[in-house]
Amino acid sequence: MDFKLTDEQVARRNEFFEVCGELEKKKPANFSGIESIYDSDEGWQYHLNCAKEFAKRGWIALGWPSEYGGQGSVMDRVFFAEARGYYDTPGVDIFGVAMLAPTLLGAGSEEMKREFLPKIAAAEIMFCELWSEPNAGSDLAALTTTALRDGDEYVLNGQKTWSTGAHRSDWAFALVRTDPHAETKHRGLTFLMFDMKTPGITVKPILYMDRGHLYNEVFFDDARVPVKYVVGEENKGWGVTQLLAGFERSSLDAIMMMRRQLEGLVEYCNETKVGGELLAKNPIIRNRIAELACQVEAARALAYRVADQQAKNEMGAIDASAVKVFAGDLSARLARLGADILGPYGQVRSSKWAPLEGFYEKQYQQYFILTVSMGTNEIQRNIIAWYGLGLPRMR
Amino acid sequence: MDIAFTEEQEMLRTMVSDFLVKECPKSIVRELEEDEEKGYSPQIWKAMADLGWLGLIIPEEYGGMGMTFQELTIILEQMGANILPGPYFSTVVKGAMPILDAGSEEQKREFLPRIASGELIFTMALLEADGTYDASGIATKAAPQGDSFVINGTKLFVEMAHVADYLICVARTKDGASPEDGLTLFIVDVRSPGIHCEVIPTMGMDKLCEVRFENVAVPKKDVLGELDKGWPIIEQVIEKGGVAKAAESIGGMQTCLDMTVTYAKERVQYDRPIGAFQALQHIMADMWIATQTSKYLVYMVAWMESEGIPCAKEAAIAKAYVNEAYKWLTDRTVQLHGGIGTSRDHDVGLYYRRAKTADIAFGATDFHRELVADRMGLLR
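Line order of the protein sequences matches chains A and B.
Here my numbering is used: the first residue of the first sequence is 1, the next is one more, and so on.
Here my numbering is used: the first residue of the second sequence is 1, the next is one more, and so on.
The reader is advised that the hints may include incorrect statements.
Taking lysine-lysine and the BS3-like style, the derived pairs with C-alpha atoms no more than 25 Å apart in a straight line are [to be verified]:
(1) 228(A) <-> 197(A)
(2) 313(B) <-> 281(A)
(3) 228(A) <-> 113(A)
(4) 313(B) <-> 4(A)
(5) 221(B) <-> 141(B)
(6) 220(B) <-> 174(B)
Bear in mind the hints are in silico, worked out from the structure with no lab data behind them.
Here chain B stands alone, though its shape is the one from the complex (with noise of 0.2 Å):
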């Protein structure tokens, strides 16, 4: 047991925090965020491929550098901390995670090279009307049809699909004995025809889209796993993706404690800082308690999952509750800097509204709360 960053890890961490500082100041958030037509900066996503981050868990022979989850959540952190913008997590965890863990060989040849080096942006098409991540709530067809899949069907909240390359379209192949019976992955080209894509107006401004499907044909060759039994690579994506997510919490949580402290010390009312009243202090002790409890266990899950160690109970018990962590520290955030913390000029606004659409990605908490009971054993 050694519960602290290695020499490598806390390398990388300030390594990353150092250069989205530098690159990646709150005055570019707001641009991307109100750039309608990419949302992520170019220059950035270049730097970051040279810096070997795009390849950062992908195996040497493909090009990456072979690290393991637990790096790649370091990273994470430190972009939730600095909020960047942009199709990273989209591309890491929806993109090269699941092709990673299902792709055939000729698939991780063909594409995580290019994930690696940057030339490809990745995201995956889950989530449909119904706004669930249960298998019932997915409707989209695929049919065959000489070599192809014809897909037809609605995607929501796919992000940054505005500008990727290729997604991860999750249709139903038949219909199965149980909703999640009959599901498979689709590596699909965005250019194909009949592929129409829109940005959703959203909280977080983070270029979620609608992406219609209409007679698209995906070769077959394409298919991600095994034909009609993507369930369990889609549960993966969920277990993996929430944890991640929440790593990216973590980060946020971090340093909206920081604002709000160093705020507290500088506000004078009363002829004092307001961090000398300990009707604020112990919301503070609380916030502190909150991100310290939230980092050591995803810490402690992105551990297991790097050492393979079966942990589905475990994420899920990270993202139910980081969600609930990050949120409500957000919300004090706000009410501690009063009402120039409600200003959209101020930065707290922008980690209160990721807050909340990290809550929703991979599952919102009752979700995952649901997935904890059933591991913890209670009879359904």
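Looking at chain A on its own, in the form it has when it is part of the complex (with noise of 0.2 Å):
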């Protein structure tokens, strides 16, 4: 068992730090998390600058093979995912680079690999996701919006939701429903990429409770898009998604922004006195602190193994759903914490009123994004017992 690194991987990591730290100094005010980068005009543009910054260095195309454009390891990637979560930094469109490369190296033909993949990695092209609809949650292979066939083209009708970024996207992928008379709802399903500026598509925004513009609601009316980009084949489309379970990831950006949060905290309470004590000097702060601490520091280490065995070509999957439903919870838990501790200023928005920028009246609400998008912890606890520990499906 060896956790070091080599000489050369520090070396790599520090350059993704000093990047990525000096990246942070050009942050737009109250920049944070995921919800940032789509909600306002400004934060989209801080998102883009910071990709085409990292295309220029190559690094959006960590591990990938070289014919298309890759350089690095595997866990150059996860070196590069710790910094940017460290820093909070944006510039790697999660669906783009994080679920279609991958999908379109497993699954894409040559002709796709060759169209996308270069621009994905040049920063030229953002994704969204348009899996879910409004009755098909967890459940997703009940989606209902359909693709029918003429010629050359799918005409697509029906509705998906939790469109994240789908406003400023600028192509989308997407599981339709190709063959509505299949025999189980596995079948007839298409995973299907097209132009978000398709004539026929129309998208409204679903505000999060703290009015930020990250979801959105996306109409088809008879939009008609081509048939060549189905990646995959036609009807198979529930096996192309499946292929995303082995891809890297390991959480280690969420475990890297809390560490940095717990930082922030330290630093916060070693400054600031209630009652004429240094907020450090409490007890209960210091114990439950120090508790935070713990469970990051065991996320980190599991999902280092993660990392470890995705580099070395080993499934690790349920492991990676372990890491994921943990760090969601922790998400939580910290975000209560520094809540907690904050006291009356816990509930302030970015004013001159709100310690830390406002952090925590934000993360207090947006720590769902964690456990509750790319598979709820709910359904993460299933992929665990079922496949982890061989514990029966109830039908």
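Put the complex together from the two separate chains, hints included.
Rendered as structure tokens:
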């Protein structure tokens, strides 16, 4: 068992941290988390600027095969995620880079790989994911949006929802029903890409509880898209979505973000007096911060194990689910802890009265983005129970 | 980075596990728990000495195998998984390790080969009536008298002292400016006149003793480390001992998880295995998460200890985290077993009781959280 990084890895990791540290200095006021990427024009521009900076260095394509512009290793990608998490740096399109690119690498045609991977690597194109529907959330295969073939085109009708960043993205990848008469709901689904400017596509905002614009509803009214952008085979889209299970998702970005937040809380408690006494000296606060620090470190240790397994092409999917659940719950606990420590100031939105730029007022509301999206924590627990522990599925 | 056991480490793991499954089934564990006199099996002790496990971390020049702390935690994980009552932990972690870290060449030559061969049982007498691992808890005094020090005081919760040959006693030799100042460690022959030992009845039935020192003379040559400057050695014992104890605990966690999942697949209610109910599946998923996070945290810190990377904060983190995880997981293990889980006859209780004793050993959760808070830089 060896957790040591090589000198080369240490140097590489430091480089990622340095660049993200520099980018942090250009961060717009009150920028934090994924909502900030999509909510304001300023945030979106910062995301694009960071993306260009990373693209210039070839960092968006870390761990990809070199023929599609890839460089570096899977571990480099892990270190890069750590650095971005620590500094809360955007610039890597969660959908295009983290979801679509590995899917294309696994199931896309040579033509599609050559068309899209270089554009993704160059940060020239941003994606959204159109999977969930009003009646297909955790039970994704229950989706009903249809794509019926008409010559070289599909005609799309239906509605998608919880579409993160659909109002800003250039293109989408969607899961749609191409065979409404298939025997089971998992069959007859197709993984399809298309331009969001296609006539017949309407995007409407769903505001988050803090008024942030992150999510959208997307409506299709006879939107016609080319058949040639199917990923994998028609009616076999479900299998294509499952490719993602084996792709790197160590959650180290979220974990490193929490590490930074704890450092910020320590600093705040060392500077802030309540009733004439530094918060740092309050035994309850000391205990609660330490408790969280223990949990963050435990998450980090298992996340490295996940990353190491994935770098070796071993699956580690169950441990990846474990880390996701744990890190999600942990971010909720951390948000509550921060808001508690701030006392009445924990409720203040960014303003002159808000300590730490109002971070905990936002985080208290936004942590659900981690525990609900990309497979709720309950679905992840099902996965651990069924595939990790071999417990029977109740039909 | 290679976060997996090496082939040699896997072999050691399997060998220890196979040995314990065969030589120390739960019937023996229960027998040893009830055994008021010894509480360990001399046959198993001898066999472990022959296999080299007592000298695992002792360098070859002192008759050991010269392996690292990481290999020790591999053995301890399996001992925790199978439950091995006896003085292995006290001898190796509380005896051999401090002698290795702080002993003189002469002391190493005198004691380490005899520990490796299984001839000597060691333990450490640290805690007193206050029950704290803070230096302030140590009131036992040692006063110089000719070529000796004379020790007076009462030590509590001294593991396996009733069968030990030697114990390392922590005593106050000077009233210093701070509680940490003026502490000295002594290697004491348990047969010295003036030592009285009595087993305290405890939840873990793990033979924690009261040891009274009444004018016990210890030759000056048996001081371990420097006079009046023993605290850093004790800090090391608490740090490494805590990680070692956490290594035992992760073994116990894996066993409890396995037992629970097996039971949930077999036990049928409402015409289906209870493991098919999501209410229980999610608890077991959380048990998996707790086990995996605990394991890799301990592996990471054990690796740091082996590499000599300073890890006082990380060690405290590991102990505090695993304390809570093991207690919670054994609670859930009993709960998911239902009535049978609460019975004396079922193995679940063996682990449930040990999770609490493991929590207490080397400092419970709040003690270590305070160390973490301090080491994170929160001002005191």
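Hint by hint, here is what the structure shows:
Only pairs whose Cα atoms come within 25 Å are accepted, and residue 228(A) paired with residue 197(A) is accepted, the gap being roughly 17 Å. Simply put, residue 313(B) and residue 281(A) have alpha-carbon atoms about 18 Å apart, close enough for the 25 Å limit, and the pair holds. In summary, the hint linking residue 228(A) to residue 113(A) is supported, as the alpha carbons are separated by about 12 Å, within the 25 Å threshold. For the given pair, residue 313(B) sits about 18 Å from residue 4(A) by alpha-carbon distance, which is consistent with the 25 Å threshold.
Restraint check for residue 221(B) and residue 141(B): the C-alpha separation of about 17 Å stays at or below 25 Å, so the hint holds. Restraint check for residue 220(B) and residue 174(B): satisfied, since their Cα atoms lie roughly 15 Å apart, inside the 25 Å limit.
Checked against the numbered hints listed earlier, the structure breaks none of them; every hint is satisfied.
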